[in-house]
Every structure is written in C-alpha cells, then in structure tokens.
Amino acid sequence: MSNSAVSLYLDPQIRDWVLFPITLVMILVGILRHYVMILLQTPPKKLPLEAVREQRALLRSQALRATSANSPIPPMYYQSISRHLSEAFEAGTYLKDGPLRDGDAPKGPPNPMTDPAAMDGMMAGMKTQMVMMVPQMVIMGWINFFFQGFVLIKLPFPLTLGFKSMLQRGIETPDMDVRWVSSLSWYFLNFFGLNGLYRLILGGDNSADSSRDMTASAFGGAPAAGAAQDFSKLFKAEKDNLEFSEGLYNWVGEGVEDRVLRRYGKI
Amino acid sequence: MSLSSALERLATFRTNNTRASQETFEHASVIMKSAQKLGDDGAVPSARRWAVLEQLFLASVDIGRLDVADQCLKQLSERFRDSPRVDVLTGIRMEASESPEVVLRYYDQLLDADPANAAIWKRRISVLRRTGKIEKAVEELSQLLDTFYTDVDGWLELTDIYTTCNQYILALQALSHALVLAPQNPFYVLQFAETAYTAGDLPLALKTFLVVVDMCERDLDSPAQKPPVGISLRAWMGAKLCSRRLMMNSSQSASNTAVPKNLNRIEELATERVLAAYMGQKRDKAVEGKDVVVSWIGAR
Chain A
1 MSNSAVSLYL DPQIRDWVLF PITLVMILVG ILRHYVMILL QTPPKKLPLE
51 AVREQRALLR SQALRATSAN SPIPPMYYQS ISRHLSEAFE AGTYLKDGPL
101 RDGDAPKGPP NPMTDPAAMD GMMAGMKTQM VMMVPQMVIM GWINFFFQGF
151 VLIKLPFPLT LGFKSMLQRG IETPDMDVRW VSSLSWYFLN FFGLNGLYRL
201 ILGGDNSADS SRDMTASAFG GAPAAGAAQD FSKLFKAEKD NLEFSEGLYN
251 WVGEGVEDRV LRRYGKI
Chain B
1 MSLSSALERL ATFRTNNTRA SQETFEHASV IMKSAQKLGD DGAVPSARRW
51 AVLEQLFLAS VDIGRLDVAD QCLKQLSERF RDSPRVDVLT GIRMEASESP
101 EVVLRYYDQL LDADPANAAI WKRRISVLRR TGKIEKAVEE LSQLLDTFYT
151 DVDGWLELTD IYTTCNQYIL ALQALSHALV LAPQNPFYVL QFAETAYTAG
201 DLPLALKTFL VVVDMCERDL DSPAQKPPVG ISLRAWMGAK LCSRRLMMNS
251 SQSASNTAVP KNLNRIEELA TERVLAAYMG QKRDKAVEGK DVVVSWIGAR
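As given, the protein sequences belong to chains A and B, one line each in that order.
Under the UniProt record's numbering, the first residue of the first sequence is numbered 1, with each subsequent residue one higher.
Under the UniProt record's numbering, the first residue of the second sequence is numbered 1, with each subsequent residue one higher.
Incorrect hints may have been included.
In the DSS-like style, the derived pairs of lysine-lysine whose C-alpha atoms are separated by at most 30 Å in a straight line are [unchecked claim]:
#, chain 1, residue 1, chain 2, residue 2
1, B, Lys136, A, Lys46
2, B, Lys74, A, Lys266
3, A, Lys96, A, Lys239
4, A, Lys96, B, Lys122
5, A, Lys46, B, Lys74
6, B, Lys290, A, Lys96
7, A, Lys236, A, Lys46
8, A, Lys266, B, Lys122
Simulated from the structure, these hints should not be mistaken for lab results.
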C-alpha cells in the first residue's frame, strides 16, 4: 500500500463552504426541532372521574395486600375491607361503565383503531415521527445532491480498513486512506454524535436528538399500550390475590403483650 | 438576614410542609424586595421565585395581610394562566374575604370543568365542613376517597369529622384505611388506640396501645433503663388506663378482641413505666405533675 505517501490537498473552500455549513445546519435543525416539538406537544388529556376511579381501584387492594402479613388493623376491620373489595371487584363496581349487567357479553380490550383516545395518542406519535424524519431526509438529500463524493476532513489518527465503509460512504475508491472522511459520512457522524452538544445547549430533557427516536416506532407509544387494559379481567385476578392475602393475614397486635413483656423480662 | 439563608429556610419549610406563617412571611418579603432591586431574574432563579411567591401568598393569607396576598396572586395568575394550582390559590383568597356561597359557586364552576380536580374538591369539602354542612361534607369526602383512595390526609379528615360527631366506630373504620396506607406511622396507631378507648372497646385499645409501645421501643437496646418519652409515654398511660379498667370489670369488645392473659403483669409494667417517666433522673427533684400521677396510680 503506497497511498500513505500520496497526500491529498483539500481546498480550504471545502472547509468553509461544506464542512462548517453541514455541521451548523445540523445543529440548528436540532434546536429548531426541539422547539417545534414543544409547540406540537398537546397537554395530557384529562381523564373523567370514573376513569380515574377505575385506574386507581387496584391501588386499594394493593395497599391492603402489601401489609397483610403484618397488618396494622385488627381482624374485623381487615375482613370487612377485604370482603367489601372482593365483592366490588366481582360485581364490577369500579368499572368505568358501571357494573356488568346480565346478558352483556364481556368485552375484549377496545380496538385501538376505533377508540378515539388511543387514536389521539397514535397521532401524537406520528407527529413526532414526522418532525424527526422530514428534516433529516431533506438534509441528507441536500448533501447527496450538492456535495456527493466530497472529502471533507482528514482524521488526525490512523484507522484500520474496517472503518472504510463508515467514514467514506459515497466514495467508491478502494485505495484511499481510511483517515479521509466523506461528506455523507460526516453527516452520519453528526447525526449520532451531536446529542452531547444539544444537552449542553438545551438541557438534559431535550427532544432535539433524532438518533434516539430511530429506536422508537411510530405506533408503539407506552400510553397507547396502557390505555388498552382490560380492567374487568384485572379485577377478577385481583380478587384471587385478595383471597390469598386473607390467608396470610396476621394482625400486628396478635401477641403484642407477650412481646412487650418479654422485652422487659417479665415473662 | 441574607438572601441565601432566607431562601434555604423557605426551602426547608416547603419540603417539611411547615406552617410557620409569620416567619415565612418575613423571609419571603426579604427575598421579594431584593428580587425587585436586582431585576426580575437577577437574584432568585425563576423556578424558585414562583415557589416562594406561592409560599408568601399562603403565609400572608394566614396572617391576614390580604394586600400582599393580592399582589402575589396577581403575579402568579399573570404568569400561569389557566393553571389549576393558581385556581386553588384564587379560591383560598376568596375564602378569606367572600361569603361561603360565593366560594362554593366558584368551586362548583371549576369542578364542572374538571371533575377529577382533587385539590379543588378538597377545598370545597373544607368550606362545607366549616359552614356546618357536615352531612354534605362527609358525603363528598367519602366520594372523594372512593376515587382517590390513597389520600391519607383525606381519611384523617374523615376520621376527625366522625370523631367530632361522636361516631367513634365509623371513625375507627376511616382510621383503619389511613393505617393501611401509612402503616409505619405510630401517631396514627396511637390515634386508633385512643379512638378505640373512647368508643369503649377496651381490649382493642389496650392491644393497640401496646402496638404503639412496640413500634416506638423496637430499636432501643434496653428500654427498661430509660424512662419513656413522647408518644410512648402517652401509650403507656393508655395501656395503664385500659388494663386498670379491664381488671376492675371485664367489658366486652365490639371487635371481638380477646383480653390478654397476662393482664396483671401488663398493669404492673405500665405502672412502673409511667412512674419511671415522672420520677426524673435525679431522685430529689420531682418532675412537674408527679403528685397528680402518683395519686392517680395509687387511687385504684
């Protein structure tokens, strides 16, 4: 390999009119994206009272079950709360649409395509995706169109041949030294590497970094998945859990007098 | 008083939920004055500035400086339009000077817009209770707790309402929910014990007083060496009261709690502990109230 002896001389105009503009445009687009995202964010939708109640009903029995092995409340009170919850779960008192009536077929989880609430969540996801995808595609087209095949910088350290496809994308030469970086590769390096800079400029919780969004899919938002829970099934399961805990139940006041007396050596 | 120390003090008040209104008012006034001198964001970071403003507002309503409160509220509502939190503050300001009917109408209006606004709902309940509509307050509070079950303060308020109406069994039921939600707090257990005692359920009260003792003295290596202090002294006194009355005549328990077998020993131990607290460290110097306690214990 004799290409290390052959040295390229880069026009300083490339530095001024290609390298810096690409970097600057990418940074500015990132910042713009952050503010567009803030504008696009819709405030979380307010839940009606019944929905809040449905969501929080499980907390009741969870609080009761969490302490059941060493429960602070005496047996009569524990049993009355536990029985009451069991009955309510059985009858579906806490369901958003009221208790199930006889003859009603148990509904499956609502279809996300017909549920307007889930649809809103999906639209929000699509919007963020669009804000991410469109500028990146425009920048990439811009670089491909005007600066195709440009060599922008030379890295100050040697690299192995394996980096060739990473650093010299868009230049099909087998012989050039790996240290030269092409314009398209410079774009990708910025694409993945600017996150630290954004965090410096916009603070930790910014939405300028687009490489992170690549991993999230347009349809898989966590809120959309959470909304589709079938509470009537959850309540049925919780009823069994309550029965288990009632078996485990032990009042903390059971035998407390012996414990106290023993501590003072009176027994 | 320096600016930074005032800021720090207010931050501790915020985290500890301390209601030292006069002190808060003085500290916050210092901060606001220097903030005006140095321009808007010069001295105080803006995020903290608004928190201090809110604190100052509540404190000045508390001590009756409604002029200062109005200034704070004006700034806050200009900065945060349509904020539910500012709505609550506006309601508090109205409660200070308007008639209950006007305030209730205001709260109703907000609740119609957003029925799941717990803060407004709670303010409404407190107004209802204050104006003597206890029945309505209990009904609304039960509904609130049915939705927001994990609200310990709500359960305690319900307990308090029931207790003032002499409905001790209902108070015990409400309190048991608070106990389930905060089982680590001995003060709630003590309240449960005292409510049970007042309700006449002596075996349950005795057991619960002993639970308080157990909770408070669990981490002490040798509890017998030191006299009981604070709530464990109160719990020992309760245990003494209950065990003495149980020895005189066995009452039956509404919650079917069994009377402990070693009632005599518990009574002796409780007497010993209560006396230990009132004897003091030095034998010659009597603690205040000692004579009363000794005669009470001797008069069985």
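Can you give the numbers of the hints that this structure goes against, from lowest to highest? Failing hints, ascending: 2, 6, 8.
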